[in-house]
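Asker: Work the whole structure out from these sequences, hints included.
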Amino acid sequence: MTPDQDSLVDVRAAIDTVDGEIVDRLALRQRLVRRAGRLTSDAAAVRAPARVAAVIARVRDLAAGAGADPDLVARVYRTMIAAFVELELAEAGLPDRPLIGPADPADAGELLTLQRAAYATEARLYGDPELPAMVQTLEELTAELATGIALTATRGGRIVGAVRGRAADGVLHVGRLTVAPDQQGQGIGTALLAEVEAAAPPGTRQATLFTGHLSVGNLRLYERLGYREQRRERLTPSVELVHLSKALPGGRPA
42 MTPDQDSLVD VRAAIDTVDG EIVDRLALRQ RLVRRAGRLT SDAAAVRAPA
92 RVAAVIARVR DLAAGAGADP DLVARVYRTM IAAFVELELA EAGLPDRPLI
142 GPADPADAGE LLTLQRAAYA TEARLYGDPE LPAMVQTLEE LTAELATGIA
192 LTATRGGRIV GAVRGRAADG VLHVGRLTVA PDQQGQGIGT ALLAEVEAAA
242 PPGTRQATLF TGHLSVGNLR LYERLGYREQ RRERLTPSVE LVHLSKALPG
292 GRPA
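So in this note's numbering, spot 131 of the sequence shown is number 172, and the numbers just go up one at a time.
Treat the hints as calculated values from the structure; they're not laboratory data. Here a beta-carbon is modelled for each residue, glycine too, at the ideal position from N, C-alpha and C. There's no promise every hint is true.
Okay, the calculated beta carbon distance ranges per label pair [what the hints assert, rightly or not]:
hint	residue 1	residue 2	range
1	Pro-143	Gly-106	20 to 26 Å
2	Arg-66	Asp-110	16 to 22 Å
3	Leu-179	Thr-58	34 to 40 Å
4	Arg-66	Leu-282	34 to 40 Å
5	Pro-243	Ala-54	54 to 60 Å
6	Gly-108	Val-50	20 to 26 Å
7	Gly-134	Glu-274	21 to 27 Å
8	Arg-66	Ala-239	32 to 38 Å
9	Gly-168	Arg-261	28 to 34 Å
10	Glu-264	Ala-89	27 to 33 Å
11	Pro-143	Pro-173	21 to 27 Å
12	Ala-107	Pro-170	44 to 50 Å
13	Leu-255	Asp-57	52 to 58 Å
Answerer: Spelled out as structure tokens, the structure:
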């Protein structure tokens with residue numbers, strides 16, 4: 042059967058055949074992943090964000106060569122890899138921590154949904170539904186993902202956290218650290234912050250970020266992780282931004 046068939050019934054039948062072939066290959070992959078889980082005791086090696094990124098890059102190239110949409114194939118593979126990482130961790134008896142890796146521009150819509158859900162609490166806290174994170178457009182977010190550092194935390198194929206960073210003149214500017222409301226309190230924000238700091242280019246001496254003055258939980262988290270208040274800035278009549286900074290290993294604050 043070929044994709045050029047005119048009969049919808051025949052096309053659906055061809056899709057069913059392909060699905061059967063995919064399931065057969067997934068069954069083989071599952072057996073291999075279970076075997077790998079029984080042979081490992083290193084959770085970091087299972088998650089291996091750099092290896093995952095390399096796999097995604099490779100399948101994007103393969104998709105382009107096969108005439109498929111690289112973005113679509115990459116999204117499918119990210120979901121599949123997240124599920125198999127969880128399986129391997131479970132087989133090895135290792136903690137089920139989210140997989141942190143580079144954000145995919147194709148996930149911009151899901152990231153925007155996560156961002157608005159995470160910042161909804163802040164909007165209520167400040168009585169301001171027009172906070173920048175709440176009114177950012179999909180186009181603006183997609184453009185941000187194309188520059189700087191953008192990381193996501195995924196669990197079971199779902200994006201449960203994200204952070205972005207931009208390095209300039211030896212300073213890493215961290216922003217949009219978000220965690221899904223039902224996933225908060227599990228160390229995801231801490232892990233994302235550590236990863237974005239580690240992703241800063243060589244020579245980066247300092248990391249900076251900001252949060253609202255009423256966001257006590259955020260302030261406590263940042264201070265626990267070594268950030269110290271530098272200044273305050275009035276954003277709106279109800280919102281005052283607290284700017285914090287932290288010296289990164291091998292450097293000192295500017």
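Asker: Now, for every hint given, state plainly whether the structure supports it.
Answerer: Checked hints:
Take Pro-143 and Gly-106: their Cβ atoms lie about 22 Å apart, and the range 20 to 26 Å holds. Arg-66 and Asp-110 have their C-beta atoms about 20 Å apart, which keeps the hinted 16 to 22 Å range intact. For Leu-179 and Thr-58, the hinted distance range of 34 to 40 Å is satisfied, since their beta carbons lie about 36 Å from each other. Checked against the given bound of 34 to 40 Å, the beta carbons of Arg-66 and Leu-282, roughly 51 Å apart, lie outside it.
Judged by the Cβ atoms, the range 54 to 60 Å given for Pro-243 and Ala-54 holds: they are separated by roughly 56 Å. Taking 20 to 26 Å as the suggested C-beta distance range, the pair Gly-108 and Val-50 conforms, at roughly 24 Å. Separated by about 48 Å at the C-beta atoms, Gly-134 and Glu-274 break the suggested range of 21 to 27 Å. Between Arg-66 and Ala-239 the CB atoms are about 35 Å apart, so this pair conforms to the stated range of 32 to 38 Å.
Separated by about 22 Å at the C-beta atoms, Gly-168 and Arg-261 break the suggested range of 28 to 34 Å. With their beta carbons about 31 Å apart, Glu-264 and Ala-89 fall inside the hinted range of 27 to 33 Å. For the pair Pro-143 and Pro-173, the supplied restraint of 21 to 27 Å holds, since their beta-carbon distance comes to about 23 Å. Checked against the hint of 44 to 50 Å, the C-beta distance between Ala-107 and Pro-170 comes to roughly 45 Å, which is consistent with it.
The hinted range of 52 to 58 Å is satisfied by Leu-255 and Asp-57, whose Cβ atoms lie roughly 55 Å apart.
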